[in-house]
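Trainee: Sequence:
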Amino acid sequence: MSQTPPSTSGMQPTTSMNPVHGAGAFSPSTSIPQIPSTSPYDMRKGKEMEMDKLANTQGLLRQREQICKKGLQELSHEKEALEQQLQTVLTNTDVLETWLKDNKKNDTDVDIDNAFEPCDALSKQLLECTSAELAIEDVLYSLDKAVQEGVIPVDIYLKQIAAGGKVFPNAWRIRNALSTESRCFLCADFSAFSFRQMLR
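Letter by letter, the sequence shown follows residues 1 to 200 of full-length UniProt numbering.
What the hints contain is simulated information worked out from the structure, not anything from laboratory work. Even for Gly, the Cβ is constructed at its ideal location relative to N, Cα and C. Fair warning: there could be bad hints in the mix.
[What the hints assert, rightly or not] With beta-carbon atoms standing in for the labels, derived distance ranges: (1) 154 <-> 96: 45 to 53 Å; (2) 128 <-> 97: 42 to 50 Å; (3) 83 <-> 56: 38 to 46 Å; (4) 88 <-> 65: 34 to 42 Å; (5) 150 <-> 74: 53 to 61 Å; (6) 93 <-> 153: 51 to 59 Å; (7) 100 <-> 138: 24 to 32 Å; (8) 82 <-> 104: 55 to 63 Å; (9) 48 <-> 71: 33 to 41 Å.
[Said to hold, decoys possible] Derived lysine-lysine pairs resembling DSS-like cross-links, with alpha carbons at most 30 Å apart: (10) 79 <-> 53; (11) 69 <-> 79; (12) 70 <-> 101; (13) 104 <-> 124; (14) 145 <-> 159; (15) 69 <-> 53.
Please model the complete structure; the sequences and the hints are all you need to start from.
Mentor: The structure is reproduced here in structure tokens:
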């Protein structure tokens, strides 16, 4: 009885033979990769540099934290000041509304000339003189604009100026009288600064 040798189909060798290197030697394609050699000094230096960067970042964050705290504190103070101003405005509004309710009148009963009542004769004289002076300035300004825009001719403009010239001496005389002797009496009722502003 003849025996058939076992078939080797489907079986793979476990190791590769290289005829150059001998039996059981690995080929260059299956060599172990080399691990980069790093000295302990280099590793320590790298860690120190990383720690320095983190320390600098931490210091910068602390500075920004102080800036944010300072800004928040300033905003808090500003908020408190605005709240106080709001309370003042609300209080003044209530006072004005109460005054308007107590002194409510029809618009037809309001006299513009008597809207401000002077406290004495000199104050009344000052108010009238100032009103007259401002009225003259308004008239002159209107005449100048009318001449510039060609609304009125030059001859009519000169006639109006000549007619108004008769009023100027009286107004200036009253103003000069108030600026010398009467100023001492008016300072008792008005501050010096406000009085000088009114005379200008």
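Trainee: Next, verify each hint and record whether it holds.
Mentor: Here is how each hint holds up against the structure:
Distance hint for residue 154 and residue 96: a CB-CB separation of about 50 Å, consistent with the stated range 45 to 53 Å. Between residue 128 and residue 97 the beta carbon distance is about 33 Å. The supplied range of 42 to 50 Å is therefore violated. With their beta carbons about 41 Å apart, residue 83 and residue 56 fall inside the hinted range of 38 to 46 Å. For residue 88 and residue 65, the hinted distance range of 34 to 42 Å is satisfied, since their beta carbons lie about 35 Å from each other.
At roughly 58 Å, the beta-carbon separation of residue 150 and residue 74 lies within the given 53 to 61 Å, and the hint holds. Residue 93 and residue 153 have their C-beta atoms about 53 Å apart, which keeps the hinted 51 to 59 Å range intact. Hint check: residue 100 to residue 138, Cβ distance near 30 Å, so the stated range 24 to 32 Å holds. Taken as a hint, the range 55 to 63 Å is violated for the pair residue 82 and residue 104, whose Cβ atoms sit roughly 32 Å apart.
For residue 48 paired with residue 71, a C-beta distance near 35 Å keeps the hint of 33 to 41 Å intact. Pair hint residue 79 plus residue 53 does not hold up; C-alpha atoms about 39 Å apart against a cutoff of 30 Å. Restraint check for residue 69 and residue 79: satisfied, since their Cα atoms lie roughly 15 Å apart, inside the 30 Å limit. Between the alpha carbons of residue 70 and residue 101 the distance comes to roughly 47 Å, so the proposed pair goes past 30 Å and is violated.
Pair hint residue 104 plus residue 124 holds up; C-alpha atoms about 25 Å apart against a cutoff of 30 Å. For a cut-off of 30 Å, the pair hint linking residue 145 to residue 159 stands: about 16 Å separates their Cα positions. The straight-line distance between the Cα atoms of residue 69 and residue 53 is roughly 24 Å, inside the 30 Å bound, and the hint therefore holds.
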